[in-house]
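**Student:** Quick note, the sequences are listed as chains A and B, same order. If you number the first sequence the way full-length UniProt numbering does, the last residue is 300 and the count never jumps. If you number the second sequence the way full-length UniProt numbering does, the last residue is 355 and the count never jumps.
Keep in mind that the hints are not guaranteed to be accurate.
[Unchecked claim] No more than 25 Å apart at the CA atoms, straight line, and that leaves these computed lysine to any residue pairs for SDA-like: (1) B:Lys112 to A:Thr214; (2) B:Lys154 to B:Leu184; (3) B:Lys112 to A:Phe21; (4) B:Lys108 to A:Arg209; (5) B:Lys75 to A:Arg209; (6) B:Lys209 to B:Gly236; (7) B:Lys29 to B:Glu66; (8) B:Lys330 to B:Ala342; (9) A:Lys2 to A:Gly31; (10) B:Lys112 to A:Gly13; (11) B:Lys175 to B:Gly236; (12) B:Lys75 to A:Gly59; (13) B:Lys75 to A:Gly13; (14) B:Lys29 to B:His18; (15) B:Lys75 to B:Ser125; (16) B:Lys75 to A:Phe21; (17) A:Lys2 to A:Gly13; (18) B:Lys154 to A:Arg209; (19) B:Lys154 to A:Gly13; (20) B:Lys108 to A:Phe21; (21) B:Lys75 to A:Trp211; (22) B:Lys3 to B:Gly185; (23) B:Lys108 to A:Gln208; (24) B:Lys75 to B:Leu101; (25) B:Lys108 to A:Phe210; (26) B:Lys350 to B:His18; (27) B:Lys75 to A:Pro192; (28) B:Lys209 to B:Leu184; (29) B:Lys108 to A:Ala206; (30) B:Lys108 to A:Pro70.
Because the hints were derived from the structure by calculation, they are not lab data. These numbers were taken from a predicted model, which means no experiment stands behind them.
Spelled out from the first residue to the last, the chains are:
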Amino acid sequence: MKRLLSSVRDGRGFDIVLVAFPLGFLFLMAGLPLLYNVLMSFQEVDMFSLGTFLRPFVGFKNYTDLFAQPETWPILGNTAIFVIGSIAGQFLIGFGLALFFWVNFPGASWLRGLFLVSWVMPGLVVGAIWNWILSGDFGVLNFILKESGIISGNIFWRSDPNYSLYAVIMANVWLGTAFNMILLSVGLASIPGDLYEAAELDGANAWQRFWTITLPMMRSTIGAIIALGLIFTLQQFDLFAAITSGGPNNSSNVTQYWAWDLSFRQYDFAKGATISVIMIVFVMFAAIVYVRSTRHEVRG
Amino acid sequence: MTKQIELSGVNKYYGAFHALKNIELSIEKGTFVALVGPSGCGKSTLLRSLAGLETISSGDLKIAGELMNNVPPRKRDIAMVFQSYALYPHMTVEQNLTYSLRIRGVPKAEAKKAAEEVAATTGLSQLLGRYPRELSGGQRQRVAMSRAIIRHPKAFLFDEPLSNLDAALRVHMRKEIRALHDRLGATSVYVTHDQIEAMTMADHVVVMKDGVIEQQGAPLELYDRPANKFVAGFIGSPAMNFVPATVGEDGRSLAVDVGEKQTILLDRQLEPGRAVIAGLRPEHLHFVEPGQGVFRLPVGVVETTGSATYITTSTAAEVTIVEISRRAVKTGDIIDVSVRPADVHIFDEKTGLRI
Numbered sequence: 001m002k003r004l005l006s007s008v009r010d011g012r013g014f015d016i017v018l019v020a021f022p023l024g025f026l027f028l029m030a031g032l033p034l035l036y037n038v039l040m041s042f043q044e045v046d047m048f049s050l051g052t053f054l055r056p057f058v059g060f061k062n063y064t065d066l067f068a069q070p071e072t073w074p075i076l077g078n079t080a081i082f083v084i085g086s087i088a089g090q091f092l093i094g095f096g097l098a099l100f101f102w103v104n105f106p107g108a109s110w111l112r113g114l115f116l117v118s119w120v121m122p123g124l125v126v127g128a129i130w131n132w133i134l135s136g137d138f139g140v141l142n143f144i145l146k147e148s149g150i151i152s153g154n155i156f157w158r159s160d161p162n163y164s165l166y167a168v169i170m171a172n173v174w175l176g177t178a179f180n181m182i183l184l185s186v187g188l189a190s191i192p193g194d195l196y197e198a199a200e201l202d203g204a205n206a207w208q209r210f211w212t213i214t215l216p217m218m219r220s221t222i223g224a225i226i227a228l229g230l231i232f233t234l235q236q237f238d239l240f241a242a243i244t245s246g247g248p249n250n251s252s253n254v255t256q257y258w259a260w261d262l263s264f265r266q267y268d269f270a271k272g273a274t275i276s277v278i279m280i281v282f283v284m285f286a287a288i289v290y291v292r293s294t295r296h297e298v299r300g
Numbered sequence: 001m002t003k004q005i006e007l008s009g010v011n012k013y014y015g016a017f018h019a020l021k022n023i024e025l026s027i028e029k030g031t032f033v034a035l036v037g038p039s040g041c042g043k044s045t046l047l048r049s050l051a052g053l054e055t056i057s058s059g060d061l062k063i064a065g066e067l068m069n070n071v072p073p074r075k076r077d078i079a080m081v082f083q084s085y086a087l088y089p090h091m092t093v094e095q096n097l098t099y100s101l102r103i104r105g106v107p108k109a110e111a112k113k114a115a116e117e118v119a120a121t122t123g124l125s126q127l128l129g130r131y132p133r134e135l136s137g138g139q140r141q142r143v144a145m146s147r148a149i150i151r152h153p154k155a156f157l158f159d160e161p162l163s164n165l166d167a168a169l170r171v172h173m174r175k176e177i178r179a180l181h182d183r184l185g186a187t188s189v190y191v192t193h194d195q196i197e198a199m200t201m202a203d204h205v206v207v208m209k210d211g212v213i214e215q216q217g218a219p220l221e222l223y224d225r226p227a228n229k230f231v232a233g234f235i236g237s238p239a240m241n242f243v244p245a246t247v248g249e250d251g252r253s254l255a256v257d258v259g260e261k262q263t264i265l266l267d268r269q270l271e272p273g274r275a276v277i278a279g280l281r282p283e284h285l286h287f288v289e290p291g292q293g294v295f296r297l298p299v300g301v302v303e304t305t306g307s308a309t310y311i312t313t314s315t316a317a318e319v320t321i322v323e324i325s326r327r328a329v330k331t332g333d334i335i336d337v338s339v340r341p342a343d344v345h346i347f348d349e350k351t352g353l354r355i
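This is chain A alone, in the form it adopts within the complex:
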């Protein structure tokens, strides 16, 4: 007993306690719900069996039923457009801003910090702001587009099925750009300045330096930011709830919003779980890319 106690205080026992505690926490708070979600996607769940743990096993019936529904493929397509559009927008604008602030003019770091304001705001607030901007009759976006002659009539961004998804993408790009910019700025700052001087003396112009020094040196940062972007956009829920609620007629619905809608509004928990499981596969893929790209960091 005394030996066990001293081992826990200072020895292998202590190490085991240190490992066991976070592992236990993770299993209880993240692992179990995840596994239960997977289990639920293979069960028949209705209002009467909600309270029970073991329900009738139905195999892949939920999956086949899901893909038999007419809205499934369009929603998966919307999700792909949302993810690719958001990541592309956030990354390109974020990288552009990071390069801009890299010039380091007076006040650059201060202004860069100010950009984070958009990122720290709650999604619902961002949604409310964009509701005003996107408003069909008096929104400032329509005003600018009309005044600059790009459109002739008002676009009803949130209620027109052709535009509703892009309305949310715009808001999401605005929300995520600052985070991209900060991570990319950190990546840029970690490139030693003398590499650029050496490349300049070796005859490279600004464009060549960007392609041969900046981009390769940023590879791990870029891999990490795109993987994180995939995770964050697949988590984006608030903006859909605030701006379009997935409508009209599912034209701006995406898997993460649909899963919630099925489970908690239509009480079809099995289908909701099934969509979540499909999303887990994608997120796991992104997580692996993220871990790998941060592990293979290039150091001089």
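Given the coordinates of chain A, assemble chain B onto it according to the supplied hints.
**Tutor:** Okay, now just chain B, sitting in the frame of chain A:
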């Protein structure tokens, strides 16, 4: 001899700070020039101005006869070896070497051949496939030099390239760089804060302080006839002893203020009674039999290196003596020391200029 690099009336300001003051320097093709001076003397600024990494505020900068004041670095055809080596970490040694060729659009096969040739002369043949992080300090140094050599530039610039190496490797690389310079018939400008590096490697040494060239010339010229007290103290190791002195009544002797006033003879005529500073190199002070010397000095600290003994006196103005005879000396002894009149440097007390 053609002038490869010419600087005339070059000034550089950083805001109000005057970093380079009216620099006049001309470097002939094939010479090895060392810029030496204490930190902040402007030697690195001067080198970076040659490279084009800094723009000069006024004056003319010519490379191979062409005015280069506003030419960007990539068009100056100059190669630089950085203190940190600045190797591209994401490229192999071969890619590092061929970078400048690839930028210029040299065909791959040709670039590869050039890299192999250069690697053979610098002993990197076995390492072409490695990344910089897999190399030792000395190997990185060689890659940095090879990257410069492969371009056949108009001039090589070295920015303290040996300061990250250990002492033994530094002495070895010193010879290697000089040998490479001779083999290539290159024009090199080498910045260092180590006067021994400057003296051993260069044909022409430029001593700088506070943005001013204090003196320039062949290494031995600087050693034998330093233009002022600063150069005299900077060149030579251990450093020259400076002691206050007064010219005697006859104008041909010097009353030197070490311990009790002692008199040394001069080989030239000076104004009697003038207050000056006498500069005595430690290696020019020799032990003599008692009564034969010009100095009688009490011994303070004795340091033995084996090849030589460093003796520091316990006088008010400390004097260091380097003695190669192995005569036993210990703290508290009184020694008799002599110096040849020709070896006495005399500087003005106020201006520090050589008299």
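**Student:** Compare the structure with each hint and give your call.
**Tutor:** Now for the hints, and whether the structure bears them out:
A hinted pair counts as satisfied when its Cα atoms are at most 25 Å apart, and lysine 112 of chain B with threonine 214 of chain A qualifies at roughly 24 Å. For the hint linking lysine 154 of chain B to leucine 184 of chain B, the alpha-carbon distance of about 11 Å falls within 25 Å, and the restraint holds. About 56 Å separates the Cα atoms of lysine 112 of chain B and phenylalanine 21 of chain A, which puts this hinted pair outside 25 Å; it is violated. For the hint linking lysine 108 of chain B to arginine 209 of chain A, the alpha-carbon distance of about 19 Å falls within 25 Å, and the restraint holds.
Our distance criterion of 25 Å between C-alpha atoms is met by lysine 75 of chain B and arginine 209 of chain A, whose separation comes to about 15 Å. Taken as a hint, the lysine 209 of chain B and glycine 236 of chain B pair is honoured in the structure, with Cα atoms around 16 Å apart against an allowance of 25 Å. For a cut-off of 25 Å, the pair hint linking lysine 29 of chain B to glutamate 66 of chain B stands: about 14 Å separates their Cα positions. As the CA atoms of lysine 330 of chain B and alanine 342 of chain B are separated by approximately 29 Å, the hinted pair breaks the 25 Å bound.
Between lysine 2 of chain A and glycine 31 of chain A the alpha-carbon distance is near 34 Å, which puts this suggested pair outside the 25 Å criterion. In summary, the hint linking lysine 112 of chain B to glycine 13 of chain A is not supported, as the alpha carbons are separated by about 58 Å, beyond the 25 Å threshold. Proposed proximity of lysine 175 of chain B and glycine 236 of chain B is supported: the alpha carbons are some 19 Å apart, at most 25 Å. Only pairs whose Cα atoms come within 25 Å are accepted, and lysine 75 of chain B paired with glycine 59 of chain A is rejected, the gap being roughly 70 Å.
Restraint check for lysine 75 of chain B and glycine 13 of chain A: not satisfied, since their Cα atoms lie roughly 66 Å apart, outside the 25 Å limit. For the proposed pair lysine 29 of chain B and histidine 18 of chain B, the alpha carbon gap of about 29 Å is over 25 Å, so the pair is violated. A hinted pair counts as satisfied when its Cα atoms are at most 25 Å apart, and lysine 75 of chain B with serine 125 of chain B does not qualify at roughly 30 Å. Between the alpha carbons of lysine 75 of chain B and phenylalanine 21 of chain A the distance comes to roughly 62 Å, so the proposed pair goes past 25 Å and is violated.
Distance hint between lysine 2 of chain A and glycine 13 of chain A is fulfilled; the C-alpha atoms sit about 12 Å from each other, no more than 25 Å. Of the supplied pair hints, the one linking lysine 154 of chain B and arginine 209 of chain A holds, its CA atoms being roughly 22 Å apart against a limit of 25 Å. Between the alpha carbons of lysine 154 of chain B and glycine 13 of chain A the distance comes to roughly 67 Å, so the proposed pair goes past 25 Å and is violated. With a C-alpha separation of about 57 Å, the suggested pairing of lysine 108 of chain B with phenylalanine 21 of chain A is violated against the 25 Å cut-off.
At roughly 19 Å between alpha-carbon atoms, lysine 75 of chain B and tryptophan 211 of chain A fall within 25 Å of each other, so this suggested pair holds. A distance of roughly 14 Å separates the Cα atoms of lysine 3 of chain B and glycine 185 of chain B; the hinted pair therefore holds under the 25 Å criterion. Only pairs whose Cα atoms come within 25 Å are accepted, and lysine 108 of chain B paired with glutamine 208 of chain A is accepted, the gap being roughly 17 Å. With a C-alpha separation of about 14 Å, the suggested pair lysine 75 of chain B and leucine 101 of chain B falls inside the 25 Å cut-off, and the hint holds.
Pair hint lysine 108 of chain B plus phenylalanine 210 of chain A holds up; C-alpha atoms about 21 Å apart against a cutoff of 25 Å. For the proposed pair lysine 350 of chain B and histidine 18 of chain B, the alpha carbon gap of about 24 Å is at most 25 Å, so the pair holds. Between lysine 75 of chain B and proline 192 of chain A, the direct Cα distance comes to roughly 22 Å. Compliance with the 25 Å bound is thereby established for this hinted pair. Taking the CA atoms of lysine 209 of chain B and leucine 184 of chain B, the gap is near 31 Å; set against the 25 Å cutoff, the hint is violated.
Taking the CA atoms of lysine 108 of chain B and alanine 206 of chain A, the gap is about 22 Å. The hint holds against a cut of 25 Å. A distance of roughly 55 Å separates the Cα atoms of lysine 108 of chain B and proline 70 of chain A; the hinted pair therefore is violated under the 25 Å criterion.
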